[in-house]
Amino acid sequence: MSGVEAPPDIRRAVAAVEDPELPFITIEDLGILRTVELEEDGRVLVTVTPTYSGCPATEVIRDSIIAALEMAGAPGARVRTVFSPAWSTDDITPAGRHKLEQAGIAPPRDVSQVLDLPILCPRCRDAATHIVSEFGSTACKALMVCDTCGEPFDHFKEL
Amino acid sequence: MVVSGPPQGAPEVEMDSHVAYVLRLGDDNLVLAQRMGEWISRGPDLEEDIALGNIALDHLGVARYLLTHAGDLEGRGRDEDTLAMGRSEREFYNLILCEQPNVDFAHTMARSLFIDAWQVPLWESLSASGDEVLAGIAQKAVKEARYHLRHSSTWVIRLGDGTDESHARMQAGIDRLWRFTGELFIEDEVDEDMVAEGVGIEPPALRPAWEATVGRVLSEANLERPEDAYVRVGGRRGYHGEHLGHLLSEMQWMSRAHPGAKW
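So the sequence lines, in the order shown, correspond to chains A and B.
The working numbering puts the last residue of the first sequence at 139; the count rises by one with no breaks.
The working numbering puts the last residue of the second sequence at 566; the count rises by one with no breaks.
Hints in this document: simulated from the structure, not taken from any laboratory.
Any given hint might turn out to be false.
What the hints assert, rightly or not - Some chain A residues near chain B, calculated using beta-carbon distances under 8 Å:
1. 0
2. 4
3. 40
4. 64
5. 92
6. 97
7. 100
8. 104
9. 107
10. 108
11. 129
12. 131
13. 139
As the list claims (entries may be wrong) - Simulated pairs of lysine to aspartate or glutamate, DMTMM-like, Cα-Cα distance not exceeding 20 Å:
14. B:446 - A:43
15. B:446 - A:114
16. B:565 - A:43
17. B:565 - A:39
18. B:446 - A:90
19. A:79 - A:96
20. B:446 - A:70
21. B:446 - B:435
22. A:79 - A:17
23. A:79 - A:39
24. B:446 - B:464
25. B:565 - B:427
All residues carry an ideal CB built from backbone N, CA and C; glycine is no exception.
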């Protein structure tokens, strides 16, 4: 692909698209937005990468990107999915991590330090937590409970 | 060891080796996704129901990427839907292990353990494939396969090392499915072509890693490793047992009843 970088307002319109399952977090926060380019014919080409292979949100995100660009005056955009390099939870931005915690979801730990870092309760920030199920409400989350304050919470699993 | 299956020789349907190679891996995941999906609303508890459904979704996602890629390589205009919904039983190339029925939760976990312990080294190796699309899919899939393995091995250990009832059922699942595991490591001309082209790997090379993982889990679960007495093969050439046809009739009935329907 030989596109040039899209203007900042176009990039911002795409970056603001929300994840349908975590609507307080954008695709930029999540780190799945790779590039926003202008093609030679003037159309926008957006490159994204999936979080999980079977993520049912993938198609909704694609449609939302196309709709956001229509609203921003750039109709007819194309959305391309790439697999390599594979997405990692390390790609979630600091802002994204903060938003997750605000929403009561323990953010993923640094992938290289999973064995060394505890999972903190997003409510009381205590490290005394334990896992209830490796699979929570969605594939990317595990169900945890805090031993100190009793809060059940989701943990965004490291991948 | 007795290897039982269809007569050896050239495949009846002429297909480019690269297309066949990708299609085989796609079919493994598609058929497995359908089987895992049968658990939805029947899981032993709510969390496990969601876990099984989410693992099914992972396999379905990988299957979609692989079938799309196979269709692109083939260049005859067949997309993921045509390949998933428009082929009959003899045109599916999944491992016979993948189509085995769920039976009970223990059997399902035995099947998952055997598949997951194989897919982890498979995707690790294919991450360096000369086929860049396949390598990308493998790099994605290996991360998921690792936690699938964590899931299945946890359950095999818990059930094997559990009550008399859970132990007996877990051992029955391992024993019943063992004869289908030999097919994971059989090499044929499609594999040879793909190794020569730098796209694929030699299936027997996955065996040491698989044996190590399965051996460790079975021993921790106080389960017996069955004898390698008999190996059932044929899936890679489209020869299946009685179960695949029933699975496909359920999976494909909608698109066959209403060809080309959209909503």
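Going through the hints against the structure:
A distance limit of 8 Å between C-beta atoms decides the matter here; for residue 0 of chain A the minimum to chain B is near 15 Å, and the interface restraint is violated. Taken as an interface hint, residue 4 of chain A does not check out: its beta carbon lies about 22 Å from the nearest beta carbon of chain B, beyond 8 Å. Because the closest C-beta pair between residue 40 of chain A and chain B is about 14 Å apart, greater than 8 Å, the hint is violated. With its C-beta approaching chain B no nearer than about 4 Å, residue 64 of chain A sits inside the 8 Å limit, and its interface hint holds.
A least Cβ separation of about 14 Å between residue 92 of chain A and chain B goes past the 8 Å threshold, and the interface hint is therefore violated. Given hint, residue 97 of chain A at the interface with chain B, is violated; its Cβ is 18 Å from that chain's nearest Cβ, farther than 8 Å. Given the 8 Å rule on beta carbons, the hint for residue 100 of chain A is violated: about 21 Å separates it from the nearest Cβ of chain B. Look at residue 104 of chain A: its Cβ only gets to about 23 Å from chain B, farther than 8 Å, so that hint breaks.
Contact between residue 107 of chain A and chain B, as hinted, is not supported at the beta carbon level, the nearest pair being about 22 Å apart and thus beyond 8 Å. The closest approach between the C-beta of residue 108 of chain A and any C-beta of chain B is roughly 21 Å, which is over the 8 Å cut-off, so the hint fails. Hint status for residue 129 of chain A: violated, given a least beta-carbon distance of 21 Å to chain B, over 8 Å. Checking residue 131 of chain A against chain B: minimum C-beta separation of about 17 Å lies over 8 Å; hint violated.
Proximity of residue 139 of chain A to chain B holds as hinted, the smallest CB-CB distance being about 5 Å (cut-off 8 Å). This hinted pair does not check out: residue 446 of chain B and residue 43 of chain A have alpha carbons roughly 26 Å apart, beyond 20 Å. At roughly 15 Å between alpha-carbon atoms, residue 446 of chain B and residue 114 of chain A fall within 20 Å of each other, so this suggested pair holds. Between the alpha carbons of residue 565 of chain B and residue 43 of chain A the distance comes to roughly 17 Å, so the proposed pair stays at or under 20 Å and holds.
The straight-line distance between the Cα atoms of residue 565 of chain B and residue 39 of chain A is roughly 16 Å, inside the 20 Å bound, and the hint therefore holds. For the hint linking residue 446 of chain B to residue 90 of chain A, the alpha-carbon distance of about 15 Å falls within 20 Å, and the restraint holds. For the proposed pair residue 79 of chain A and residue 96 of chain A, the alpha carbon gap of about 23 Å is over 20 Å, so the pair is violated. Restraint check for residue 446 of chain B and residue 70 of chain A: the C-alpha separation of about 13 Å stays at or below 20 Å, so the hint holds.
Restraint check: the Cα-Cα separation between residue 446 of chain B and residue 435 of chain B comes to about 17 Å, which is no more than 20 Å; the hinted pair holds. Taking the CA atoms of residue 79 of chain A and residue 17 of chain A, the gap is near 27 Å; set against the 20 Å cutoff, the hint is violated. Taken as a hint, the residue 79 of chain A and residue 39 of chain A pair is broken in the structure, with Cα atoms around 23 Å apart against an allowance of 20 Å. With a CA separation close to 27 Å, the supplied pair residue 446 of chain B and residue 464 of chain B exceeds the 20 Å bound.
About 37 Å separates the Cα atoms of residue 565 of chain B and residue 427 of chain B, which puts this hinted pair outside 20 Å; it is violated.
Hints 1, 2, 3, 5, 6, 7, 8, 9, 10, 11, 12, 14, 19, 22, 23, 24 and 25 from the earlier list are contradicted by this structure; the remaining hints agree with it.
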